Amino acid sequence: MKISRNWLQTFFTAPLPDAQTLADALTFHAFEIESVENEILDVKVTPNRGHDCLSHRGIAKELSAILNIPMKGDPLREPMSGFTKSRHGEVSIDTPLCARYIAGYIKGVKVGASPDWLRKNLESIGQKSINNIVDAANFVMFNIGQPLHAFDAGKIGKRQEAIGKSEFRIQVRDAKKGEKMLALDAKEYVLSESMLVIADGNADAVIGIAGVKGGKVAEVNEATTDIIIESANFDGASVRKTAQQLKLRTDASQRFEQSISPELAAYGMRAATDLILKIAGGELVGFADEYPKPQEKKQVSVSVAQVNQILGTSLTEKDIADAFIRLGLTRKSYEMSSHRIFKVEVPFERLDISIPEDLVEEVARIVGYDKIPSAELPELKEALAININFAQSEKTRAGLIEKGYSEVFTSVFSEKGERVVANKVDGVRPYLRGNLADGLAEALQKNVRSKDLLGLKEVKLFEIGTVWNGGRESVMVGMAIETKQGGKITEGKLTTVNADHYENFPISTTERYQSFSRYPFIVRDIALWTETGTKPEEILEVIRKESGELLVRSELFDTFEKAGKISYAFRLVLQSFEKTLTDEEANAVMESVYKEVKKRGWEVR
Amino acid sequence: MKPQDVQRGHLHPISSLIREANKIFFDMGFSLAEGPLLESEWYNFDALNVPKDHPSRDMQDTFFIKNEQGNVLRTHTSNVQIRYMESQVKKGIQPPYRIVSMGKVFRNEATDMGHESEFFQIEALAVGEDVTLAQLKGTLARFFQELFGGTSVEVRFRPSFFPFTEPSVEVDMQLMEAKTSREAGSSPDASQSEAFRVPEKLRDKWMEMGGAGMVHPNVLKNSGVDSEKYQGFAFGFGIDRLAMLKWGIDDIRLMHSADLRFINQF
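Just so you know, the sequences run in chain order A and B.
Take the first sequence: its position 35, counting from 1, is numbered 35 in this note's numbering, and each next residue is one higher.
Here this note's numbering runs 1000 ahead of the position in the second sequence, where the first position is 1.
Just chain A, same shape as in the assembly:
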């Protein structure tokens, strides 16, 4: 989520530190920062804090606690009175998935361009300015986190005999099967019964997909004079499903998906109507607020001892109280059976705090994880269990390596098998393998080609891996060995025997991996007659020097003596890191080698 430093500044009197300092503060005490660019922080809010932190206010609150800078005022701590009911509109909620719906009715607005400050704020976080009404609603969402929507009241059905009855009827209900809505993005969406819609009760028409997108039918544009503002609360899981099914994720749906407090709707409505009256004029007629089951107040307690017991720290009562104060968590502290206990009043927007451990995390991150000491686990008295499957795999591995087999891992995904993945992202090899043999056969074929490069006489591979067949998951040992006919593959179940200890098999002593060329290589042999006493190393040195970087492998493979002379045969493997080597290039290397060895008086056979 994009957060603007300038926007954040509106929550503080004292000047905020630079954007990078803010990013570091968040990184070590709250959230990962994806990027910092031109005073804009891209904050990766974790799913547990989507309730309260997908807004500038949320991030400002965090920074206030982390940096210990007081906020000028917290919009969510302002007193909130009820809404004056208006006889003009009524709301009915016909679903348990909408906890609250507030409709605000404003008459006589002048739709037009947004003031500069508003347009700039929205543009700074990558939003497009549309008009003052839509922008005001969006601003409030990015400011305090409540998604809002504005309908053109002139396009919503009015009841004919309105005397004594409300003019508008807004319904929150399940969509009817096959019901359609042309949305603000000019696309038509076909809805299903599992989706929630906002309907115009008088016209029985869908005017919005709840928490996701508004309908074109009640779009606010230049001609609009009267508006209905929606500030509502929809069930997270329901919005998530709808957005997924319609492939329509919006800034609003992303916030509802995380579940937000129905209390926030009131703050959203208040902020939106205030802002609209200020920048678009008009007259506030009144509200309808349907809130059948108000959110209950929550208290969570944690003791000083518990905080330290979990973290392994020795924080004092004061340290802990300080973290709570900075986070704006109202608390009482009292003594119970010689334990100092904090009882915290959880603010309505902090839906994430419900158990003592949640408070421990709050303390830990505000105090700072760097203050957590490093301690060792105590010795265990009990004897440790030996995992016989692992012991057996290790024995098998060691035995096969001894016999010249090298260990490979091949993919569990295959072109055939009993079981099949339903949603494989790349679509290829969707089956779970029923054997190791197929993968090993493929691996053998591939590696035979590299034999000369690796200096192998024959390719021998093994794999210990999981397969699925006969309705079961089992661990198999497979071996592949190169033969004249191609390859021989054997496979059997890993059978275990009892073990009371792990054998001390060696680990790899390799220090660094060297990347290898992916281009084909060329093999050339060279045989030379030399005087007795000439060492092969001496010749190899000359060969290596002459062939340069293209020589990736060189070894002596044949020696014989005849009439006081020794013949050495060397195998040279040439390969480039940049391209496929041509025969001509390999010949050129060999020519320069021949030239040099002749100079030394060695005779090329």
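If you're looking for bench data, these hints aren't it; they were derived computationally from the structure.
This one's a predicted model, so the numbers in the text were calculated from it and none came from an experiment.
A couple of the hints might just be wrong.
Capping the alpha-carbon separation at 27 Å, the derived lysine-lysine pairs in BS3-like fashion look like this [claimed, not checked]:
{"id": "1", "chain 1": "A", "residue 1": "K297", "chain 2": "B", "residue 2": "K1221"}
{"id": "2", "chain 1": "B", "residue 1": "K1052", "chain 2": "A", "residue 2": "K241"}
{"id": "3", "chain 1": "A", "residue 1": "K297", "chain 2": "A", "residue 2": "K332"}
{"id": "4", "chain 1": "B", "residue 1": "K1221", "chain 2": "A", "residue 2": "K343"}
{"id": "5", "chain 1": "A", "residue 1": "K177", "chain 2": "A", "residue 2": "K241"}
{"id": "6", "chain 1": "A", "residue 1": "K371", "chain 2": "B", "residue 2": "K1205"}
{"id": "7", "chain 1": "B", "residue 1": "K1104", "chain 2": "A", "residue 2": "K460"}
{"id": "8", "chain 1": "B", "residue 1": "K1229", "chain 2": "A", "residue 2": "K332"}
{"id": "9", "chain 1": "B", "residue 1": "K1090", "chain 2": "A", "residue 2": "K381"}
{"id": "10", "chain 1": "A", "residue 1": "K298", "chain 2": "B", "residue 2": "K1052"}
{"id": "11", "chain 1": "A", "residue 1": "K424", "chain 2": "B", "residue 2": "K1052"}
{"id": "12", "chain 1": "B", "residue 1": "K1066", "chain 2": "A", "residue 2": "K424"}
{"id": "13", "chain 1": "A", "residue 1": "K176", "chain 2": "B", "residue 2": "K1052"}
{"id": "14", "chain 1": "B", "residue 1": "K1104", "chain 2": "A", "residue 2": "K493"}
{"id": "15", "chain 1": "A", "residue 1": "K343", "chain 2": "A", "residue 2": "K293"}
{"id": "16", "chain 1": "A", "residue 1": "K343", "chain 2": "B", "residue 2": "K1229"}
{"id": "17", "chain 1": "B", "residue 1": "K1104", "chain 2": "A", "residue 2": "K395"}
{"id": "18", "chain 1": "A", "residue 1": "K297", "chain 2": "B", "residue 2": "K1052"}
{"id": "19", "chain 1": "B", "residue 1": "K1104", "chain 2": "A", "residue 2": "K446"}
These stretches of chain B come out as covered by chain A in the derived footprint (C-beta under 8 Å, 3 or more residues) [unchecked claim]:
{"id": "20", "segment": "1020-1029"}
{"id": "21", "segment": "1164-1173"}
{"id": "22", "segment": "1239-1250"}
Here are some of the chain B residues that sit facing chain A, going by a computed Cβ distance under 7 Å [stated by the list, open to error]:
{"id": "23", "residue": "H1010"}
{"id": "24", "residue": "D1053"}
{"id": "25", "residue": "P1159"}
{"id": "26", "residue": "R1261"}
{"id": "27", "residue": "I1263"}
Even for Gly, the Cβ is constructed at its ideal location relative to N, Cα and C.
Start from chain A and add chain B according to the hints.
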């Protein structure tokens, strides 16, 4: 390549790392536990406090199995935690528990040099009456120190979120050469001397290792462990990533390439 390599086969670097990690954790009192790769959603998600229809399930791209509702390819080795604790409770064995699990896990995502749809994970769990976040830090420091052979290791936590831990942290590690050995090295080229065992690329640099935290009480409850009495820590890291750091391997896809040009280097 030495001539004797032609005779002996080679151990896959992942197996070497698992062998080494098992030894390090065994010495710290952790026994090795296992679980199935094809797992029920209960063990892979629900029991780990990852609710259905919750955005936290989106954190991991999951492979589902056709015509087997409720079965997935495990997205982490955390299923082993639940299975282990459950079986201990069933046997009437109360904590302390210390296990390490290492094995293949799956993520349904596009592959590139840094991402594979199948890779290996190492996970440890310690549960007891007084297992702390500080002990997590100490345990990790010792593991990294032994694995990477630095003379000094620093472990850093950053706040994070995982449904199965509370508090949750991201773990960073930094390998350092102790000041004393640097001063002791009289030659100007001290970085090449024996005292410096840490590869230069890894030295004095924070590296992201993976997620960790204190086991969420719901996870203990779901496994039948008394969460009022016991608490614990857990962490999970990618073994492939550890191997890549240890040996400077630049492409995770090499691990499943079955290519001896890679494997024979180990």
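* Contradicted hints - numbers only -> none
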